[in-house]
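Protein chains in written order, with the numbering used here: chain A, 134 to 619; chain B, 10 to 62.
Derived from the structure by calculation, the hints contain no laboratory data.
Heads up, a few of these hints could be off.
The list that follows gives simulated cross-link-like pairs (lysine-lysine, DSBU-like), each with its CA atoms no further than 35 Å apart [said to hold, decoys possible]: (1) LYS18/B / LYS299/A; (2) LYS52/B / LYS368/A; (3) LYS223/A / LYS429/A.
Each chain, letter by letter, is given below.
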Amino acid sequence: MAKILILGAGVAGHTAAAYLQRGLNKKHEITVVSPTSTYQWIPSNIWVGVGRMTPEEIKFDLRPLYKKWGINFIQAKAQNFFPEGDAEIKSAYIEVEYTTKEEAGLKQKIEYDYLINATGPKLNFEATEGLAPGNGNIASVCTFGHASHAWELFQEKLDLMQNGQKQIFVIGTGHPTATCQGAAFEYILNVDFEIKRRGLEKFAEVIWITNEYELGDFGMGGAFIPKGGFISNTKLFAESYFVERNITWIKRAGVKKLDDHKIYYENLDGEYLEQAYDFAMLIPGFAGHGFKAYDKNGADISTKLFTPSGLMKVDADYTQKPFEQWSINDWPETYQNPSYPNIFAPGIAFAPPHSISKPMTSKNGTAIFASAPRTGMPSGIMGKVTADNIIDWIKTGNATMKHKASMGRMGAACIVSAGYGMSKGTAATMTVNPVVPDWDKYPDWGRDINTTMGEPGLAGHWLKWLMHYMFLYKAKGKPFWWLIPE
Amino acid sequence: MENRLIITKYSDQYYPPTPNNFTLFLRKSVLFQIIRFFILNYKIMKILIKGHS
Numbered sequence: 134m135a136k137i138l139i140l141g142a143g144v145a146g147h148t149a150a151a152y153l154q155r156g157l158n159k160k161h162e163i164t165v166v167s168p169t170s171t172y173q174w175i176p177s178n179i180w181v182g183v184g185r186m187t188p189e190e191i192k193f194d195l196r197p198l199y200k201k202w203g204i205n206f207i208q209a210k211a212q213n214f215f216p217e218g219d220a221e222i223k224s225a226y227i228e229v230e231y232t233t234k235e236e237a238g239l240k241q242k243i244e245y246d247y248l249i250n251a252t253g254p255k256l257n258f259e260a261t262e263g264l265a266p267g268n269g270n271i272a273s274v275c276t277f278g279h280a281s282h283a284w285e286l287f288q289e290k291l292d293l294m295q296n297g298q299k300q301i302f303v304i305g306t307g308h309p310t311a312t313c314q315g316a317a318f319e320y321i322l323n324v325d326f327e328i329k330r331r332g333l334e335k336f337a338e339v340i341w342i343t344n345e346y347e348l349g350d351f352g353m354g355g356a357f358i359p360k361g362g363f364i365s366n367t368k369l370f371a372e373s374y375f376v377e378r379n380i381t382w383i384k385r386a387g388v389k390k391l392d393d394h395k396i397y398y399e400n401l402d403g404e405y406l407e408q409a410y411d412f413a414m415l416i417p418g419f420a421g422h423g424f425k426a427y428d429k430n431g432a433d434i435s436t437k438l439f440t441p442s443g444l445m446k447v448d449a450d451y452t453q454k455p456f457e458q459w460s461i462n463d464w465p466e467t468y469q470n471p472s473y474p475n476i477f478a479p480g481i482a483f484a485p486p487h488s489i490s491k492p493m494t495s496k497n498g499t500a501i502f503a504s505a506p507r508t509g510m511p512s513g514i515m516g517k518v519t520a521d522n523i524i525d526w527i528k529t530g531n532a533t534m535k536h537k538a539s540m541g542r543m544g545a546a547c548i549v550s551a552g553y554g555m556s557k558g559t560a561a562t563m564t565v566n567p568v569v570p571d572w573d574k575y576p577d578w579g580r581d582i583n584t585t586m587g588e589p590g591l592a593g594h595w596l597k598w599l600m601h602y603m604f605l606y607k608a609k610g611k612p613f614w615w616l617i618p619e
Numbered sequence: 010m011e012n013r014l015i016i017t018k019y020s021d022q023y024y025p026p027t028p029n030n031f032t033l034f035l036r037k038s039v040l041f042q043i044i045r046f047f048i049l050n051y052k053i054m055k056i057l058i059k060g061h062s
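Just chain A, with the same shape it has in the complex (with noise of 0.2 Å):
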């Protein structure tokens, strides 16, 4: 019997749990661990943010499918990792920290022969002073109650613009390094949509701000698409986006503080400059979750298995070298740690060799460019993967690791919302192939330009609200759950 320990229950932690329980007898013994018992589709926050959706129709209870599923599930935080055991436990374990009412604090020590760290992202909102949801005038959307107390706040400004009043509104990133910025360009058009559609635009002023070179970067160096018979860019895409909306833009900045009606921002050229608001949601930066991990003789070895930014190291390339020799071979395939093989960290949890897009320091020094994205599609296939790897090891007793899916090869979709209706609503659908650039394979492009695309219009709507209402279907096992792709 193997003893299967899945942190984190996100899209990547509960894809590899799904396929997992499929792929093995039931005599395997597979855990779950998570702080909440809730999974969100995620890429549906944008529209809880807008109030088009509740928080109820983007989330479900895991419990009663874990049950279903025979997976063991424990409502807790992991704190510290042992993969050698201790001078007590012989084998390798996770200590972790209850966080029900009941029994908050709790902690327990959970043995494993394989780990898979899917823990996703610390919201690292403690790195630029003033940026927490609820303080004053500032949302964010990156999780289904953020997104809902976003729209409470919205609503107040809306109801303060119907009265004749002017609000500001920001939205973008908020921290020199951010990622995600493909989630805060949703919500930007989303807020500018709902806006428009009330006729309140004369007073609003809608204004993007962004670490990004260029608009378009979406943490992923940008990317070239064939469009009206020219290769064109996702520079000219963005910026075409916003001036037919009327948003302005404010590029190349990263934010450092925010009070409650200004954001202090310095840009790459070093300038430390003010915008006022009145609304901002501004995605923080991401960072580990700050485990420890000792050996069997109580050493501590976090290096061993994290980077220093709290993510965990696995089968990437980290050695440090100038942007013009990165390679797609520094990206990971497998997700499994070098130093103890039986760890695997899908999804965020993975500490990525390097960003995507070229690194940029202002001229005093700070560090202002989109960190790597990784979004819904890559982590539900690291998670797919990783499962599949773990079933055949625990069949054959091999560790073949024959089952790959690196960002340097693997494609993504990426459905980004401009407006809500079934008739009148807007999404832009973008694919890139690869999501890393491969300029060995694709010296024009760095991508296949057969497919990778962007192309607004009403579908791209549809298909978002079709990849919402079919995720959660595969999400919650219904029947054939496993034959929806990830």
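Following the hints, put chain B in place on chain A, whose structure we already have.
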């Protein structure tokens, strides 16, 4: 959209392309978008299937 020259005056917002009426019509045309819906689905499936082994 307001007059671009008045609102932007040679700033970044002055230069990007904007869709003409025909492009805007196609983006909203239900018939055209139904066709695009199936094409987009096919393209996404294609990259997804090749994405991992």
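Outcome of the hint check:
no.: 1; hint: LYS18/B / LYS299/A; result: 23 Å, holds
no.: 2; hint: LYS52/B / LYS368/A; result: 22 Å, holds
no.: 3; hint: LYS223/A / LYS429/A; result: 8 Å, holds
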